[in-house]
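A.B. asks: Sequence:
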Amino acid sequence: MKKKAPIFSLEHLPLLIRLKTKETTSLPAFLGSTLHGVVGWALAHQSPKTYAYVFENRRMGGAAQDIVNPYIIEPPRPKSIYFEGDLLCFRLILLGDAIRYAEHIVSAIAQVPSFGIGAERKRFELMDILQGDQYGSIWKSERMNMQAASPENISVFTQQDQALWCSLQFLTPVRIRRGGALVQDIDVPTIIRSITRRVRTLTERYGGYINEDVATRACELASGIGLGSSALYLNQMNRYSNRKKESVDWSGMLGALTFEGELTPLTPWLNVARVLHIGRNSTFGCGQIEVIYR
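Numbering of the sequence shown is given in my numbering, commencing with residue 1 and proceeding in unit increments.
The hints are simulated quantities; they were obtained by calculation from the structure and are not laboratory data. Note that the structure is predicted; figures quoted are calculated from it, not measured. Note that the Cβ used here is the ideal one computed from N, Cα and C, for glycine as well. There may be inaccurate statements among the hints.
As the list claims (entries may be wrong) - Straight-line C-alpha distance at most 27 Å; calculated DSSO-like pairs for lysine-lysine: (1) LYS4 - LYS79; (2) LYS20 - LYS122; (3) LYS122 - LYS22; (4) LYS140 - LYS49; (5) LYS79 - LYS122; (6) LYS140 - LYS22; (7) LYS49 - LYS4; (8) LYS20 - LYS140; (9) LYS20 - LYS4; (10) LYS20 - LYS79.
Said to hold, decoys possible - Cβ pair distances, simulated, as ranges: (11) VAL112 - ASP187: 40 to 48 Å; (12) ARG294 - ARG100: 36 to 44 Å; (13) PRO189 - TYR293: 14 to 22 Å; (14) SER247 - GLY136: 21 to 29 Å.
All chains, full assembly: derive it from the sequences and hints.
C.D. replies: Have a look at this one:
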């Protein structure tokens, strides 16, 4: 009997990068942009070809606004002061075809003697790089073990969870735009449209698969799910863009919302959103969510 294809499939490799603080320093609450710069700087100097593919994929595709990038930065939770000896841990998640550059990325980061982070450029040194979910050691003390860099597949989330109630927490700013404006009244259809679109664009560009019929059906079902409560709020934030040489509005929605109804067919999409994020600027860490069912 032919095995039924999953409703979606895409390999991803989470790299947990752990830096040790060498000098006490104060850092911004949200480090997505800062850590994006740390990784980008290391690749640009140590492995330009890898940098071009991973960080400039949009430019390689004609600089179209909606070309999705093949990686995600997941910054740590906010911490105002890092004391000497503290660890700064973040995840770099490679998606699809970008996984083939994993060894170049690990090598490039490992070759940097120390990273100057924050406005005062205080020193942080690489302690190790682990597989982000299995915690196998990929790099430590000048030793590299790429066998520990085992990819995973989002197809594991295709199993449905029985659920009639769900709480969704926005861990980092969620930036969903419609007609050029930031969406602040986020509902279930908006969330499901965002994640199905994200899976579609990632699999089209970087390998993998999505069942379009199931995705379309999920969007239809989402329109019948009622919003229970919403405690979302607008988090005002700006970042300085080195490319544009100006401050850029980076505001997004934080908080939590609940919804009720027959959620079971939607749970695979909500679960995979925990890995792939939703909305814009996931490469800087935006759009990270957590889900609780009952």
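A.B. asks: Does each hint hold? Answer for all of them.
C.D. replies: Checked hints:
1. LYS4 - LYS79: Roughly 46 Å separates the two Cα atoms, so the pair is violated.
2. LYS20 - LYS122: holds (11 Å)
3. LYS122 - LYS22: At roughly 8 Å apart (the allowed maximum being 27 Å), LYS22 and LYS122 satisfy the hint.
4. LYS140 - LYS49: Holds - the C-alpha atoms of LYS49 and LYS140 are around 24 Å apart, at most 27 Å.
5. LYS79 - LYS122: Between LYS79 and LYS122 the Cα gap is close to 15 Å, so the pair holds against 27 Å.
6. LYS140 - LYS22: holds (17 Å)
7. LYS49 - LYS4: Between LYS49 and LYS4 the Cα gap is close to 38 Å, so the pair fails against 27 Å, i.e. violated.
8. LYS20 - LYS140: holds (13 Å)
9. LYS20 - LYS4: With Cα atoms ~46 Å apart, LYS20 and LYS4 exceed 27 Å; violated.
10. LYS20 - LYS79: Status holds; Cα separation ~14 Å.
11. VAL112 - ASP187: 40 to 48 Å: The hinted range 40 to 48 Å holds for VAL112 and ASP187, with Cβ atoms some 44 Å apart.
12. ARG294 - ARG100: 36 to 44 Å: holds (40 Å)
13. PRO189 - TYR293: 14 to 22 Å: holds (19 Å)
14. SER247 - GLY136: 21 to 29 Å: For SER247 and GLY136 the Cβ distance comes to about 40 Å; the hint is violated.
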